[in-house]
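Participant: One letter stands for each residue in the lines below.
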Amino acid sequence: MSAPFSDLGRARETLLARGYLRPPPPPAPSRPFLWWVLWTCIMAESGALVAAGSGAGTFSSFAALSLALVPSFAVAGLVGWAGIKALAQRLLAWGHAPQSVARGAATVGALAWLALAVALEGAAGLKLPGFAGVVAGLALGVLIFRWVEGRVAVLCQLPDPGRIQPITLVAFGAATVALAAVTFSWPSRAPWPAEEVLPPLPAPRARLAVVAADGVSREDVEAMAEIVGGGWGLVRAWTWGPLDPSPSRFPAEFWTTVACGTEPARHGVTVFEETRPLGAARGVALSPLAQRLVAFPWEFWGLAPKGVRPTLDRRLPTFWEVAARAGYPVTVVGWWGSWPVRLFPGQVVSERAVLSGAASHDAVTPALAPLVREAFARSSQPGARADRVVLDVTAWASQRSGPQVLALSFVSFDVEARQGPFGSLAPLGRQLPHARAFSTLILMLHEAGFEVFVIGAAWRGGSWFWAFSGSAPARAEVAAVAVAPVILDALGLPRASYHRWPRSWAPAEPTAAVAYGPPPPVVQVPDPEVARRQREVLRSLGYVQ
Amino acid sequence: MVRAAVDRALARLLADLPPGPLGAAMHAAVFPGGKRLRPLLLVRAGQAFGGELERLCPVGAALELVHGASLVLDDLPCMDDADLRRGVPALHRRFSEATAILAAFGLLARAVAAFPSLLREAGVAPAYAQMWTSRLATLVETMGQGQEQDLALAGREATVADLELLHASKTGAFFAFAAELGAFAAGADPAALALVASFARNLGLAYQVLDDIGDATASPAWGGKPAHQDQRHGRPNFVAVLGLEGARELAAELLKASEACLAPLGARAAPLLEVLAHVRSLL
Numbered sequence: 014m015s016a017p018f019s020d021l022g023r024a025r026e027t028l029l030a031r032g033y034l035r036p037p038p039p040p041a042p043s044r045p046f047l048w049w050v051l052w053t054c055i056m057a058e059s060g061a062l063v064a065a066g067s068g069a070g071t072f073s074s075f076a077a078l079s080l081a082l083v084p085s086f087a088v089a090g091l092v093g094w095a096g097i098k099a100l101a102q103r104l105l106a107w108g109h110a111p112q113s114v115a116r117g118a119a120t121v122g123a124l125a126w127l128a129l130a131v132a133l134e135g136a137a138g139l140k141l142p143g144f145a146g147v148v149a150g151l152a153l154g155v156l157i158f159r160w161v162e163g164r165v166a167v168l169c170q171l172p173d174p175g176r177i178q179p180i181t182l183v184a185f186g187a188a189t190v191a192l193a194a195v196t197f198s199w200p201s202r203a204p205w206p207a208e209e210v211l212p213p214l215p216a217p218r219a220r221l222a223v224v225a226a227d228g229v230s231r232e233d234v235e236a237m238a239e240i241v242g243g244g245w246g247l248v249r250a251w252t253w254g255p256l257d258p259s260p261s262r263f264p265a266e267f268w269t270t271v272a273c274g275t276e277p278a279r280h281g282v283t284v285f286e287e288t289r290p291l292g293a294a295r296g297v298a299l300s301p302l303a304q305r306l307v308a309f310p311w312e313f314w315g316l317a318p319k320g321v322r323p324t325l326d327r328r329l330p331t332f333w334e335v336a337a338r339a340g341y342p343v344t345v346v347g348w349w350g351s352w353p354v355r356l357f358p359g360q361v362v363s364e365r366a367v368l369s370g371a372a373s374h375d376a377v378t379p380a381l382a383p384l385v386r387e388a389f390a391r392s393s394q395p396g397a398r399a400d401r402v403v404l405d406v407t408a409w410a411s412q413r414s415g416p417q418v419l420a421l422s423f424v425s426f427d428v429e430a431r432q433g434p435f436g437s438l439a440p441l442g443r444q445l446p447h448a449r450a451f452s453t454l455i456l457m458l459h460e461a462g463f464e465v466f467v468i469g470a471a472w473r474g475g476s477w478f479w480a481f482s483g484s485a486p487a488r489a490e491v492a493a494v495a496v497a498p499v500i501l502d503a504l505g506l507p508r509a510s511y512h513r514w515p516r517s518w519a520p521a522e523p524t525a526a527v528a529y530g531p532p533p534p535v536v537q538v539p540d541p542e543v544a545r546r547q548r549e550v551l552r553s554l555g556y557v558q
Numbered sequence: 016m017v018r019a020a021v022d023r024a025l026a027r028l029l030a031d032l033p034p035g036p037l038g039a040a041m042h043a044a045v046f047p048g049g050k051r052l053r054p055l056l057l058v059r060a061g062q063a064f065g066g067e068l069e070r071l072c073p074v075g076a077a078l079e080l081v082h083g084a085s086l087v088l089d090d091l092p093c094m095d096d097a098d099l100r101r102g103v104p105a106l107h108r109r110f111s112e113a114t115a116i117l118a119a120f121g122l123l124a125r126a127v128a129a130f131p132s133l134l135r136e137a138g139v140a141p142a143y144a145q146m147w148t149s150r151l152a153t154l155v156e157t158m159g160q161g162q163e164q165d166l167a168l169a170g171r172e173a174t175v176a177d178l179e180l181l182h183a184s185k186t187g188a189f190f191a192f193a194a195e196l197g198a199f200a201a202g203a204d205p206a207a208l209a210l211v212a213s214f215a216r217n218l219g220l221a222y223q224v225l226d227d228i229g230d231a232t233a234s235p236a237w238g239g240k241p242a243h244q245d246q247r248h249g250r251p252n253f254v255a256v257l258g259l260e261g262a263r264e265l266a267a268e269l270l271k272a273s274e275a276c277l278a279p280l281g282a283r284a285a286p287l288l289e290v291l292a293h294v295r296s297l298l
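First to last, the sequence lines map onto chains S and P.
The opening residue of the first sequence carries number 14 in the numbering used here; numbering runs sequentially from there.
The opening residue of the second sequence carries number 16 in the numbering used here; numbering runs sequentially from there.
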């Protein structure tokens, strides 16, 4: 009965360890402002990460985007939390159990975040920077779930869970590690191809023109052969086949795919339009939602300018750059993705020059600048100007005899179609002058002794097609990525290691694949103001909203 | 005043008892009753946050039904084998073991059946009424586990940790439940609920230690229970582990800690301090 009195000390220790003999610790202050700031920062960075994706910008533009998203996420956080609270109170009033309400509200919060992440992503098909980005997004979803559940529990007068559960710690660790890994390993790009020492390439022997017929379907060829005849009739008579256009989301991406002979993920041109948050030097491509979130607080102050992304991201050479290395005289006119001009032995009138009349060094090589100015001086109508530039430059290039390569983009059909109601060649009256110009171009090339390869991009409906004046397997389907090796074969040049042949189309003289290395450097990186002006031009022509 | 109101509420809850021994046994299990400490704790906790006596007492009465049932079961020969309860023969001695068991189940069933509507009448929203009813069911199960541990410790040397675990499953759990529910029904916020729960846990343990002291000293304050029951049944208690003086000192410290838990509530704590004073008077 009489146990030693000294046991009282141990008893105290035991009871203290079990929460007796002292008041409970004071509840942690809720610090709503601190939580608001913290969540805003975390979500802004995560949102920027998801929105910018990999390879869409530099670290500094990513950091600027994070900052630019802060006001929108701050408002979104307040609105979201108010909505969740209202939902919780409504559910309680309807008689749902408080624990279920807390879990339900937490589920809504986590799903809202994931939905937001999905909506933020998707600009030009950019992917999250790999596994780390996905882990960060999901872990943040778990953290949001736990946080909202705890807060709503308190709101529902449930005891504050207080203790941090293991899954919360795991999610916090995963989110931290993933965000840090992605942030500090930025940018995670595909490797740039190394400079290669090329084997001796065959001497130039072909005289080839590749015509990019933007907005022209096979059905248009048939119709115009009847209405206009001339060059259209020639094209109809050539060997032709269907073209598989995928992937083809916007002209610069598609025509770069054609010119490089590989998928966008590999050639690198995946972005048409970009935003420069807070005036960052380099823009980032954003989904429509992300654009709105950036524009909401900053557009009024001119701190969220949009611009067209110059194709500085291109990692592989085009067929005309390969041809130039082999010694072919090369002339490029209006090919989407040829802006800015690159430093190689050839003449280029980029799409920027053809559409806006710009004659700066980034837009056109000096020898052809006068032709551009003259064409724009003679006409005020965008389609007619584009026709004029193509015809004048072709006439200029055709004066040179012997082997050469022309890469010509005939954009006026597409430009015209974007001005009026949808439908191929509508309205016909406006298209007829361009149809005649196209006919003239084909006849001009034919008379100048060019083999002609026409690629029809039926953006507005109808059949995508290719047509070749030389020998080719009839009706063979060609994927967009398989056009370049066909062209190189016609030029007598080996294909690149990443090229693949169309089915049913064996090369005339099989040669070993060659690694052509990276593309030539650009002559001049366009400044952001130029990109903004180019976007305005394209917006006026209906290419962007 | 609380006791009278609780008794009235109990009478209403037991108004339609079945005729015969079972009904009589159920009535005898709660009348004339003991200190009504659990309903008192619930009511005072509610009053601390502006709750009304008349709305809280029926809820307290339902808790008293549960408490009464637990005492009937505790006294059974297969459990504590107590002959007396509150100065009169234990229920199984007055009726039969079978009747006592059935009466205990009847009381539990009445309490759980009436609980949601009593909570709603006390101003608890339906969603929370459901939640607290579930918690009451859990409490009954927890008390069962505590009793099992109690039986397992019989004849064995126990530590303070064993006794605390036992208490936390029985008296402590019940005290905390009663106090927290009273405060909740009156609209206390979660931080205040935590304070009240902690107060009740310390108070409950102090009450248990005092009960052990009363058993050892045959104190008249614990009248109605035969003295030295724990020693007779070989049940460990705080006096056996800490000695009489040690147990008294521990009880005093626990009561002091209870009071400290209420300090942040300021003047609102007055009703609960009244309960504390009542328990302290047993020291």
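Be careful, since some hints might not be right.
Claimed, not checked - Pair by pair, the computed Cβ-Cβ distance ranges are: (1) S/E26 - P/R23: 42 to 52 Å; (2) P/G249 - S/P45: 54 to 64 Å; (3) S/E26 - P/E163: 20 to 30 Å; (4) P/L166 - S/Q102: 39 to 49 Å; (5) P/E156 - S/P40: 43 to 53 Å; (6) S/Q102 - P/V155: 29 to 39 Å; (7) P/A124 - S/Q102: 43 to 53 Å; (8) S/P40 - P/E163: 49 to 59 Å; (9) S/Q102 - P/A176: 41 to 51 Å; (10) P/G159 - S/P40: 26 to 36 Å; (11) S/F313 - P/A275: 51 to 61 Å; (12) S/Q178 - P/A176: 42 to 52 Å; (13) S/A95 - P/A267: 42 to 52 Å; (14) P/A275 - S/P45: 37 to 47 Å.
Calculated directly from the structure, the hints in this document are not laboratory data.
Backbone N, C-alpha and C define an ideal beta-carbon position, used for all residues, glycine too.
Participant: Against the range 49 to 59 Å, how does the distance between the Cβ atoms of S/P40 and P/E163 compare: consistent or not?
Facilitator: At 34 Å between Cβs, range violated.
Participant: May I ask you to test the hint 26 to 36 Å on the CB atoms belonging to P/G159 and S/P40?
Facilitator: With a Cβ separation near 32 Å, P/G159 and S/P40 satisfy 26 to 36 Å, so the hint holds.
Participant: Could you say whether the range 43 to 53 Å given as a hint is met by the Cβ separation of P/A124 and S/Q102?
Facilitator: 34 Å, violated
Participant: So does S/E26 sit 20 to 30 Å from P/E163, Cβ to Cβ?
Facilitator: Holds - the Cβ-Cβ distance for S/E26 and P/E163, about 27 Å, lies within 20 to 30 Å.
Participant: If you check the beta carbons of P/A275 and S/P45, does the distance land in 37 to 47 Å?
Facilitator: Taking Cβ atoms as reference, P/A275 and S/P45 lie about 29 Å apart, which means the hint is violated.
Participant: So does S/A95 sit 42 to 52 Å from P/A267, Cβ to Cβ?
Facilitator: The hint (42 to 52 Å, Cβ to Cβ) holds, given that S/A95 and P/A267 are roughly 50 Å apart.
Participant: In this structure, is the beta-carbon distance linking P/L166 and S/Q102 contained in 39 to 49 Å?
Facilitator: Given a distance of about 46 Å, which is inside 39 to 49 Å, the answer is holds.
Participant: Take the C-beta atom of S/Q178 and the C-beta atom of P/A176, compute their distance, and say whether it sits inside 42 to 52 Å.
Facilitator: 25 Å, violated
Participant: Is 54 to 64 Å respected by the C-beta to C-beta distance linking P/G249 and S/P45?
Facilitator: Taking Cβ atoms as reference, P/G249 and S/P45 lie about 56 Å apart, which means the hint holds.
Participant: Using the beta carbons of S/F313 and P/A275, state whether their distance is inside 51 to 61 Å or not.
Facilitator: 57 Å, holds
Participant: Holds or violated: 29 to 39 Å for the Cβ distance of S/Q102 and P/V155?
Facilitator: Holds: the Cβ-Cβ distance is about 31 Å, inside 29 to 39 Å.
Participant: Taking 43 to 53 Å as the stated bounds, is the beta-carbon spacing between P/E156 and S/P40 within them?
Facilitator: With Cβ atoms ~29 Å apart, the hint is violated.
This entry does not satisfy hints 5, 7, 8, 12 and 14, going by the numbered hints stated previously.
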